[in-house]
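As given, the protein sequences belong to chains W and U, one line each in that order.
For the first sequence, the positions run 739 to 960 when my numbering is used.
For the second sequence, the positions run 739 to 960 when my numbering is used.
Derived from the structure by calculation, the hints contain no laboratory data.
A couple of the hints might just be wrong.
Since the list can't tell identical chains apart, any single copy or any two copies may satisfy a pair.
[Stated by the list, open to error] With a Cα cut of at most 30 Å, we get these calculated DSS-like pairs of lysine-lysine: (1) 935 with 823; (2) 771 with 761; (3) 754 with 896; (4) 832 with 937; (5) 761 with 956.
What follows is the residue order along each chain.
Protein chains: 2
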Amino acid sequence: MIKLALLDVDGTLTDKTRLISTKVVETIRDVQKSGTLVSLVSGNVIPAMYALKTFVGINAPVFGENGGVMLDADVEVFFSMEKPKRFFDEITGKGMAGNLMTNQWRLCSMGYFPKNGSEDEIISLSGKHDLEIANSGFSWHILNRGQNKGYALNYLRKRYSLDLDEILVVGDSFNDIPMFLDKVKKAVPANAELQLKKKADYVASVPYGEGVTEILQKISRF
Amino acid sequence: MIKLALLDVDGTLTDKTRLISTKVVETIRDVQKSGTLVSLVSGNVIPAMYALKTFVGINAPVFGENGGVMLDADVEVFFSMEKPKRFFDEITGKGMAGNLMTNQWRLCSMGYFPKNGSEDEIISLSGKHDLEIANSGFSWHILNRGQNKGYALNYLRKRYSLDLDEILVVGDSFNDIPMFLDKVKKAVPANAELQLKKKADYVASVPYGEGVTEILQKISRF
């Protein structure tokens, strides 16, 4: 039986223009009323996750910066800004990447957009600095090693003393893979990357938030 | 004809527990498709307004800190943090008020909760420091003089070259009064304070986001 659903945001609860599905908002509220815990984990900044937690009404802690920061009653930061910021300064200084507006609210990662076809070169360079690059399909992030959505999953598993098969994860993109663990229940909307579809226990018939609505309505079957 | 709708958030788009109405989200998207500009103005912090702008899909700039900060492509701050922060330190130092978690993201105002029945004393003290206190019904804010929702309205009026009667404002609480100007069209959900109902051109038959849905569906009549 699923006791916790851990959901990605962009491309999962939202469409490709980042509009949130009002159907999935209603469905999240419904499954919470039935006693299921729901958490969100995103590459986005923690005050944006605070807004989602408040206005959607999420009953478990939420995570920003790919799992590096958590908001419960207060903000908790699990990783350091030192290395991501130094690498960000290097690649922007070399003209390989540009700044994101949301970086002013980041605490342990930096967002960027690649310039001049330097996507692969940045990824290659990051490895030498003991850093990881995540691409949500909406933006690129420089992260500390181990700072990923699996970290958030593991935190929640311990906090609520859950078995892995009592957790449902839902995501659509490459940065969701670290939470797509073997024993965890995994579902994806129809727009998910093929690599995630292959790992999933369930692939929704429709994309985006409508697909996640379909998944959450079947949560008792997982 | 209404060309711009300027909407409060807490208690207006949300219920009293701050859950956003999915009906009003859909209706905002509908009126925007018909060519109407929509803006939000709230006492909340600007990255939370960024999240609302992104995930609801708001087509005009949005304002946080009661109109003191605007988010368009980037963040623009219209007032200073100096006086609000000094006064906040004074009243918290005296044990009259406590801190809000969201203060870490504020740029030109401070939020607090009054302690030991000191609501009125804080308001009285604020006047001596050339500051204003706003109460959204959800939290208390220390603001610079002139930092209010009327400031946001005036900014948008100039930016889009609008007449006052081409603007519809919707709010429920005392901090919405500065945008309830004479020639502006004014509407309120059924939960609004009596003082706002008396000023309103239209009072919805139902409260909260469902009331604002009713208002926006009648926008062509204003």
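These are the hints, each one checked on the structure:
{"no.": "1", "hint": "935 with 823", "in the structure": "neither (33 Å within a copy, 51 Å between copies)"}
{"no.": "2", "hint": "771 with 761", "in the structure": "both (15 Å within a copy, 19 Å between copies)"}
{"no.": "3", "hint": "754 with 896", "in the structure": "neither (33 Å within a copy, 33 Å between copies)"}
{"no.": "4", "hint": "832 with 937", "in the structure": "neither (38 Å within a copy, 58 Å between copies)"}
{"no.": "5", "hint": "761 with 956", "in the structure": "both (14 Å within a copy, 24 Å between copies)"}
Hints 1, 3, 4, counting from the list given before, are not met by this structure.
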